[in-house]
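*Asks:* From first to last, the protein sequence lines stand for chains B and H.
No gaps in the numbering here: position 82 of the first sequence is 82 in my numbering, and each next residue is one more.
No gaps in the numbering here: position 89 of the second sequence is 89 in my numbering, and each next residue is one more.
Among the hints, erroneous ones may be present.
With the Cβ distance kept under 7 Å, some of the chain B side facing chain H (calculated, not the full set) [said to hold, decoys possible]:
| # | residue |
| --- | --- |
| 1 | Ala16 |
| 2 | Arg17 |
| 3 | Gly20 |
| 4 | Ala28 |
| 5 | Lys30 |
| 6 | Val32 |
| 7 | Leu47 |
Below, simulated DSS-like cross-link-like pairs (lysine-lysine); rule was C-alpha separation at most 30 Å, straight line [stated by the list, open to error]:
| # | chain 1 | residue 1 | chain 2 | residue 2 |
| --- | --- | --- | --- | --- |
| 8 | H | Lys317 | H | Lys348 |
| 9 | H | Lys317 | B | Lys24 |
| 10 | H | Lys244 | H | Lys7 |
| 11 | H | Lys55 | B | Lys24 |
Everything labelled a hint here was simulated from the structure, so no lab data went into it.
For every residue, glycine included, the Cβ atom is placed at its ideal position computed from N, Cα and C.
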Amino acid sequence: MKSFTYTIQDELGIHARPAGMLAKAAAAYKSVVTIDNGTKKADAKRLMAIMSMGVKKGHTVTVTVEGEDEDTAAAAMEEFFKTNL
Amino acid sequence: MIVREGKSVFKGVAIGSIFVYRKAEKAVNKVEIEDTAAELARFQAAKAKGLEQLKGLYEKARVDVGEEEAMIFDVHQMLMEDLDYNESITGIIEGEKMNAEYAVFMTGEQMAAMFLSMDDDYMRGRAADIHDISDRLISILNGTQVSPEAMPEPVIIVAEDLAPSETVQFDKSKLLAIVTQKGSANSHTAILARTMNIPSLVTTDIEIDQEYHGRQAVVDGFAGLIYIDPDEETMAKMVEKKRKADEQRALLQEMKGKETVTQSGKHIHLYSNIGGVGDVDAVLENDSEGIGLFRSEFLYLGCDDYPSEEVQFEAYKTVLSRMNGKKVIIRTLDIGADKQIDYFDLPKEENPALGYRAIRICLTREDVFKTQLRALFRASAFGNLGIMFPMIISVKEIEKIKKIVEEVKLELAREDQAVGDVELGIMIETPAAAVTSDLLAPHVDFFSIGTNDLSQYTLAIDRQNQSLDDFFDPHHEAILRLIQMTIENAHKYGAWCGICGELGADEELTAKFVQMGIDELSVSPGYTLDLRKRIREC
Numbered sequence: 001m002k003s004f005t006y007t008i009q010d011e012l013g014i015h016a017r018p019a020g021m022l023a024k025a026a027a028a029y030k031s032v033v034t035i036d037n038g039t040k041k042a043d044a045k046r047l048m049a050i051m052s053m054g055v056k057k058g059h060t061v062t063v064t065v066e067g068e069d070e071d072t073a074a075a076a077m078e079e080f081f082k083t084n085l
Numbered sequence: 001m002i003v004r005e006g007k008s009v010f011k012g013v014a015i016g017s018i019f020v021y022r023k024a025e026k027a028v029n030k031v032e033i034e035d036t037a038a039e040l041a042r043f044q045a046a047k048a049k050g051l052e053q054l055k056g057l058y059e060k061a062r063v064d065v066g067e068e069e070a071m072i073f074d075v076h077q078m079l080m081e082d083l084d085y086n087e088s089i090t091g092i093i094e095g096e097k098m099n100a101e102y103a104v105f106m107t108g109e110q111m112a113a114m115f116l117s118m119d120d121d122y123m124r125g126r127a128a129d130i131h132d133i134s135d136r137l138i139s140i141l142n143g144t145q146v147s148p149e150a151m152p153e154p155v156i157i158v159a160e161d162l163a164p165s166e167t168v169q170f171d172k173s174k175l176l177a178i179v180t181q182k183g184s185a186n187s188h189t190a191i192l193a194r195t196m197n198i199p200s201l202v203t204t205d206i207e208i209d210q211e212y213h214g215r216q217a218v219v220d221g222f223a224g225l226i227y228i229d230p231d232e233e234t235m236a237k238m239v240e241k242k243r244k245a246d247e248q249r250a251l252l253q254e255m256k257g258k259e260t261v262t263q264s265g266k267h268i269h270l271y272s273n274i275g276g277v278g279d280v281d282a283v284l285e286n287d288s289e290g291i292g293l294f295r296s297e298f299l300y301l302g303c304d305d306y307p308s309e310e311v312q313f314e315a316y317k318t319v320l321s322r323m324n325g326k327k328v329i330i331r332t333l334d335i336g337a338d339k340q341i342d343y344f345d346l347p348k349e350e351n352p353a354l355g356y357r358a359i360r361i362c363l364t365r366e367d368v369f370k371t372q373l374r375a376l377f378r379a380s381a382f383g384n385l386g387i388m389f390p391m392i393i394s395v396k397e398i399e400k401i402k403k404i405v406e407e408v409k410l411e412l413a414r415e416d417q418a419v420g421d422v423e424l425g426i427m428i429e430t431p432a433a434a435v436t437s438d439l440l441a442p443h444v445d446f447f448s449i450g451t452n453d454l455s456q457y458t459l460a461i462d463r464q465n466q467s468l469d470d471f472f473d474p475h476h477e478a479i480l481r482l483i484q485m486t487i488e489n490a491h492k493y494g495a496w497c498g499i500c501g502e503l504g505a506d507e508e509l510t511a512k513f514v515q516m517g518i519d520e521l522s523v524s525p526g527y528t529l530d531l532r533k534r535i536r537e538c
């Protein structure tokens, strides 16, 4: 299992569009990708579930990646957060 | 004449006839089915068609309103492909043996309800997107079309509510205004209307009555009103208002995003004068490059006691954050003379304009002054702040101010409060300051010439006495010489120099100011674009 934490920089938080892009990016891997904001967890492959967490700017989330391709998936996810959120 | 009121999302005026728009009835029947596999296939086919339509809408919106606003249809595609959404639909078809329309409808309602319950305006607004994609799928399944009826001529649309996909589907050239009963200023429809420059009202108390169809109306996006069958007087007023608004818009189109440079290539900082946090909208709308004069009096006026450090900090921070790194120059408290505040308990004076006012109050009421400076320096961490002090006549005053500023900064450092880099400047609004500007300049980062007071003190003419109007010459050589002297002395000592008084917006003098070497002009937001145009000609 791999994990990293990230503090959201985007003014709008994880809003609809990046959430959709995140779901697409996560779906490219076999690993299970989970986002945890301390109170709620969501499967990163599920757009509405991510949006319903209501993650805002300044919130810190923990992302865990578990599965056979977890090394490449975790690196890709971390890159995604840094670039888009 | 009938008048209805709504919340305006775009300032503009539209005149034309009303088109009452109703959505096609989308009654969803609940039908039990036998062949779940066939029903699933029907849903998948509808989804494929829906995604294809959304792709088309995305392309159309991209051309009509631009990439950023078109994104909503990209998001709609993603939502339509969401796993939870799809699993819920296929679950109802397979598990409950229900028809696809019903499965989509129930799922849409459920997901929308989840978003509506969220503690976040933005996310609550997404419920409309879920309804939009569900309606699209149901229309495809039912075989009903979503596209609006053809409109023969440009019209004012009156509707209960509009989904973004409906708004973008209207032929733009036939759309004068949109008036809806529901909706919000943050909805995508509102955003699209703003981007398309279409006057629009939401949450309007208007009846969606077929009676209104085809009747003459005026939408006034400045006042948030729609007039149905306007009388002659209203019509004449609105025609004039529309002409002015159109002119301003044309200027905006022409000048927005352009640099404020003179013919010889010198960049003039074109800033705005504001009197409160609410004015920032106008500053941004008019593409101003910063705030050259933020009158802090509004925080003190209209309350019963001294505003606390926290109240001031929040106000300054809001303005600095909203200006997003652009320069914001805040002038410290300038009361006395024509601006009186009860709780300061200022004594009556024979001659208030020459009396106990502005910096003279601050330097004798250090507690009041320090509270404001603490709030200002704390806010400085959130943007690009300049502070300027009014009614200066001598170096001694600047030295006193700087001593207090240092004390405040030390206090904040001890408390581990973050502060940013702050430019300190003074108003040049007394003849004394202008004449001794060579002595003052080495002590400051900038001068801002307050031409209103400078004129009245130089010419010894009370601005408020109308019987002196004939004697008052705003272009008097004495004033112009003082301005020239001030600019030259500022530059000699490495300070920059601007004008924040009414004269700054006087286009007859723009060329002269440019020639004198002025660095900044700060005017009411509404004058920004006119002045940019003028500066570019100089």
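*Asks:* State for each hint whether it applies.
*Replies:* Hint by hint, here is what the structure shows:
{"no.": "1", "hint": "Ala16", "in the structure": "5 Å, holds"}
{"no.": "2", "hint": "Arg17", "in the structure": "5 Å, holds"}
{"no.": "3", "hint": "Gly20", "in the structure": "3 Å, holds"}
{"no.": "4", "hint": "Ala28", "in the structure": "14 Å, violated"}
{"no.": "5", "hint": "Lys30", "in the structure": "15 Å, violated"}
{"no.": "6", "hint": "Val32", "in the structure": "13 Å, violated"}
{"no.": "7", "hint": "Leu47", "in the structure": "4 Å, holds"}
{"no.": "8", "hint": "H:Lys317 x H:Lys348", "in the structure": "35 Å, violated"}
{"no.": "9", "hint": "H:Lys317 x B:Lys24", "in the structure": "38 Å, violated"}
{"no.": "10", "hint": "H:Lys244 x H:Lys7", "in the structure": "21 Å, holds"}
{"no.": "11", "hint": "H:Lys55 x B:Lys24", "in the structure": "17 Å, holds"}
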